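Colleague: Sequence:
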Amino acid sequence: MRTLKDLSDFVEKESAAEGPSAQVELRAWRERFRMARELAMRRKKPGQGLRDS
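Taken in order, the sequence shown gives residues 0 to 52; the numbers are from numbering that gives the first Met the number 0.
To be clear, the hints were calculated from the coordinates, so they are not data collected in a lab. One thing to keep in mind: the hints can contain errors.
Derived DEER-like restraints, expressed as beta-carbon distance ranges [unchecked claim]:
1. P45 - D8: 17 to 25 Å
2. E24 - R1: 18 to 26 Å
3. R1 - E37: 23 to 31 Å
Cut-off 20 Å, straight-line C-alpha distance, at most; resulting in silico cross-link-like pairs (SDA-like, lysine to any residue) [unchecked claim]:
4. K43 - R33
5. K12 - A27
6. K43 - A27
7. K12 - E24
8. K44 - W28
9. K4 - W28
10. K4 - E30
11. K4 - L25
12. K4 - S14
13. K12 - W28
14. K12 - V23
15. K4 - A16
16. K43 - R26
17. K4 - R26
18. K4 - F32
19. K12 - Q22
20. K4 - R33
Quick caveat: nothing in here was measured; it's all calculated off a predicted structure. Cβ coordinates follow ideal geometry from the N, Cα and C atoms, glycine included.
Given these sequences and hints, build the entire structure.
Modeller: As structure tokens, this is what we get:
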């Protein structure tokens, strides 16, 4: 069985093999997902609207 860690390691190795532009793109995607996760958590919190930040 493969894990999320296995996938993460694979993507990391692939981006390193592709070069600096792929690594920059991977970092950008990670930041997008981080922001989306934060936005989703804020939307779930009662009384914590987006404008309250």
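Colleague: Taking the earlier hints as the rules, which of them does this structure contradict?
Modeller: 1, 6, 8, 16
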